[in-house]
Amino acid sequence: MRRSFLLAAITTAATACASPPPEPRAPQVRAAPQVLTNAPAAPAPGPEAPEAPDAACAPDKAEDEPACVYAAIVKRIPRRLDIERAIEPYAGNIMEVKKAYDDDFAAASTLNRAFEQLAARKEPRVLSIHARIKQAALHDVVRQRLAGAEPPRVKLYTNKEEELLGKAEASGNPNLVATSQELRRRREEMYQSARETWLLAVEGPLVRHYADALLQARAWALETPETIHARARFRHVCELLGDAKIKAFTEGLVDPANGKPFVYTEGVFDGP
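In the numbering used here, the protein residues as written are -7 to 264.
Calculated from the structure, these hints are not laboratory results. One should not assume that every hint holds.
What the hints assert, rightly or not - Simulated DEER-style distance windows between Cβ atoms:
#	residue 1	residue 2	range
1	GLY84	GLU174	20 to 28 Å
2	ASN250	GLU80	26 to 34 Å
3	ARG227	ALA249	42 to 50 Å
4	ALA211	GLU174	52 to 60 Å
5	LYS91	ALA213	15 to 23 Å
6	ALA162	ARG227	25 to 33 Å
7	ASP94	ASP235	52 to 60 Å
8	ARG113	LEU232	15 to 23 Å
9	LYS159	ASP262	53 to 61 Å
Keep in mind it's a predicted model, so treat the numbers as computed, not measured. Glycine residues also receive a C-beta, built at the ideal position from the N, C-alpha and C atoms.
Produce the complete structure using the sequences and hints provided.
Dropping the structure here:
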């Protein structure tokens, strides 16, 4: 078994996970992610319009009433992206994980645009806040699925690659053993680097939407089960990501209580 043959065989598939997905673009830590702020004016609607309300809307309610629109969008959330259900980390080989992530991010982005027409409204305030929380929760689920996508749930090598690596490691040839170890290290680093890119892409809107919703709830003294859960999730994410990322992701938000730019500080949302 030649060293060059082993190197070529293992690294061919590795290039697939080395590049981040073409969309979405990951936000940089030093700059606020390119997501909508809590501006009072509603943005132009995206290409995906919310589905018509169904049985969740009372017969005496108009289909375009905010509560009916909200209920219809909620019903479009797939089970795998429902934060109220058990969350399953991604599993499979690297390309299967990447495809599942891409599909989830696309679905979350579509629903995010649908909820935006409600989240950007001034009234009804409770519904606006809940819509913003739903936006955050969609990305929260994707992040949780990614965070748990670690070996052995994620298979870093094909059967053929494992066979070649096993032969090299059992060959007794110091050069082949060293090569196999280097290739394993390289693949693991490649996957972790790609996963970090994917995580960054969901962490920005996750943090920003939770913070925006909690600012609105605090300004209007609104407390609901949804805001309580959002506060708990925000605290947990802050512990995971650290102050630097949270400050960057929340840059540009405005506190509606005083009209001033919001500046994150530790524990700012520990209470209502």
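We went through each hint and held it up to the structure:
As the Cβ distance of GLY84 to GLU174 is approximately 25 Å, the hint placing it in 20 to 28 Å holds. Roughly 42 Å separates the CB atoms of ASN250 and GLU80, a value that falls outside the hinted 26 to 34 Å. Between ARG227 and ALA249 the beta carbon distance is about 20 Å. The supplied range of 42 to 50 Å is therefore violated. Between ALA211 and GLU174, the C-beta spacing of about 55 Å keeps the proposed range 52 to 60 Å intact.
Between LYS91 and ALA213 the beta carbons are some 44 Å apart, a value that contradicts the proposed interval 15 to 23 Å. Between ALA162 and ARG227, the C-beta spacing of about 49 Å breaks the proposed range 25 to 33 Å. Separation of ASP94 from ASP235 is about 30 Å and departs from the stated range, judged on CB atoms against 52 to 60 Å. For the pair ARG113 and LEU232, the supplied restraint of 15 to 23 Å is violated, since their beta-carbon distance comes to about 31 Å.
Checked against the hint of 53 to 61 Å, the C-beta distance between LYS159 and ASP262 comes to roughly 56 Å, which is consistent with it.
In this structure, the earlier hints numbered 2, 3, 5, 6, 7 and 8 are contradicted, and the remaining ones agree with it.
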